Each structure stands twice: as C-alpha cells, then as structure tokens.
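> Sequence:
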Amino acid sequence: MCLECPTSSCNIGLSETDRNEIVAHLSKLLASEYVFFTKAYKYHWNVRSPFFAQLHELFEKTYNAHFASVDEFAERIRMLGHEAPGTLAEFLELSLIEEAPGMNPGECFMIADLLNDLEAMIQHMRTDLIEIEKLDPVSADLLIGKMKEYEKEAWILRAHLEFVEDDNEDFEEELFVEEKKPAKKKTKK
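Going by numbering that gives the first Met the number 0, the sequence shown opens with residue 0, and the numbers climb by one from there.
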C-alpha cells in the first residue's frame, strides 16, 4: 500500500501576498550573494600581489562567509514556502551586482570591486528592510544581521584601499589590468 504525503501549505502567520513580496526581495539578495561568492572565489584563485598571502586569505574568508549567506537566504526562502532560485541563469538574472567575465584585474581592482558590490548589497538591504520590517520580523532580523556583517567587511576592504591610496600615487592606473589573451598558434597548411 502506498501512502500519499498530504499537501502542506505554509501556515506561519504571513499571508501569501506578504510571503511573495518578502521572497522577491530575498531572491535578489540570494542571487547577489552567489555572484559575489563566485567573484570572491575567482579573486582568491587569481590574485597576484606582493601581499599575495594576506589577500589570498582575505578572499578565502570572504567567499566562505558569503557561501554561508547563500545558504541562509535560500533556507529563509524555503521557510516562507517558496522554491529558492538555484541556477546560474536565475542568479545572473536576479542579481543586483554583475560578474566580470574575461577580466583578470589587479589586486586593487579586486578589492575595490568587492567593496563596491558589498556597498550596493548593503544599500539594497537597507531599502528592502523598510518594507520587510512591516511584514516579517524574522526576515528583517536576517537582513539586519547581514548588514552588520557586511558593513564590517566593507570597512576592512576600505582599509586595504586606503593603505594603497596613501602609498601609491598611481593608484587609479593600477585599479584594472586587462587580461592578456595568448597569441593564436599558427597552423601549417
């Protein structure tokens, strides 16, 4: 005999309309987190610098923290009775920040890029928080906790850039180095 699982609806004291609105906000943050996580991972792998060890470790801490955030946002979406977006296409469509494909930036650009993305996510969370606080204190608490973490992380990244700016007059020129593509091999005919 096969027993069917009863269908269950999400009955946690939030209307479907409210849950839909909250999930729309959280899905953008989840997608942004994943893009940010991937970018930090790329920078961890590809950093070249006299400060390689420190930056390699910093980027590792960054991607680990944001991987945990990806999970927290996805699980909150599931707690609200929705499916979490989970494909690269969905993440790129929903994300508030952009990838940097085909680029091999210098260390200063890597730090500045992560800082700009973090600040964009913080600003978005601050705006979302106004609406989410009215609907769901649990989701609002998640955003407040993340904002606190990201503001500290932004401060740390900013401190790295302040050191470089003070120490290097050519800072602007070093922000970005385009990837050099290998020359095509000539084939014999």
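Hints listed in this document are in silico derivations from the structure and should not be mistaken for laboratory results. Predicted model only: the values in this text are computed from it and were never measured. Cβ atoms here follow ideal geometry from the backbone N, Cα and C, with glycine treated the same way. Incorrect hints may have been included.
[To be verified] Here are the in silico distance ranges between beta carbons for each label pair:
| # | residue 1 | residue 2 | range |
| --- | --- | --- | --- |
| 1 | 100 | 10 | 42 to 48 Å |
| 2 | 12 | 144 | 33 to 39 Å |
| 3 | 23 | 44 | 28 to 34 Å |
| 4 | 50 | 129 | 35 to 41 Å |
| 5 | 49 | 126 | 20 to 26 Å |
| 6 | 92 | 12 | 29 to 35 Å |
| 7 | 63 | 150 | 14 to 20 Å |
| 8 | 51 | 12 | 27 to 33 Å |
| 9 | 136 | 103 | 39 to 45 Å |
| 10 | 122 | 160 | 15 to 21 Å |
| 11 | 19 | 97 | 23 to 29 Å |
| 12 | 55 | 133 | 19 to 25 Å |
| 13 | 51 | 143 | 30 to 36 Å |
| 14 | 150 | 12 | 16 to 22 Å |
[To be verified] Below, in silico cross-link-like pairs of lysine-lysine (DSS-like), each with a Cα-Cα straight-line distance of 25 Å or less:
| # | residue 1 | residue 2 |
| --- | --- | --- |
| 15 | 60 | 41 |
| 16 | 147 | 133 |
| 17 | 133 | 41 |
> Does each hint hold? Answer for all of them.
Hint by hint, here is what the structure shows:
Range check, residue 100 to residue 10: about 43 Å between beta-carbon atoms, so the 42 to 48 Å window is met. In this structure the supplied range 33 to 39 Å is violated for residue 12 paired with residue 144, their Cβ-Cβ distance being about 21 Å. Range check, residue 23 to residue 44: Cβ separation about 33 Å, and the 28 to 34 Å hint holds. Judged by the Cβ atoms, the range 35 to 41 Å given for residue 50 and residue 129 holds: they are separated by roughly 39 Å.
For the hinted restraint 20 to 26 Å between residue 49 and residue 126, the CB-CB distance of approximately 39 Å leaves it violated. The given range of 29 to 35 Å is respected by residue 92 and residue 12, whose C-beta atoms sit roughly 31 Å from each other. Between residue 63 and residue 150 the CB atoms are about 18 Å apart, so this pair conforms to the stated range of 14 to 20 Å. Taken as a hint, the range 27 to 33 Å is violated for the pair residue 51 and residue 12, whose Cβ atoms sit roughly 51 Å apart.
At roughly 44 Å, the beta-carbon separation of residue 136 and residue 103 lies within the given 39 to 45 Å, and the hint holds. In this structure, residue 122 and residue 160 meet the distance hint of 15 to 21 Å, their C-beta atoms being roughly 18 Å apart. Our hint of 23 to 29 Å for residue 19 and residue 97 holds, since their Cβ atoms are close to 26 Å apart. With their beta carbons about 43 Å apart, residue 55 and residue 133 fall outside the hinted range of 19 to 25 Å.
Between residue 51 and residue 143 the CB atoms are about 35 Å apart, so this pair conforms to the stated range of 30 to 36 Å. The hint said 16 to 22 Å for the Cβ distance between residue 150 and residue 12, and at roughly 30 Å that hint is violated. Using a Cα cut-off of 25 Å, the hinted pair residue 60 and residue 41 holds, with the two alpha carbons roughly 13 Å apart. Annotation: proposed proximity of residue 147 to residue 133 holds, straight-line Cα distance about 20 Å (limit 25 Å).
Among the hinted pairs, residue 133 with residue 41 is inconsistent with the structure: their alpha-carbon atoms are about 38 Å apart, more than 25 Å.
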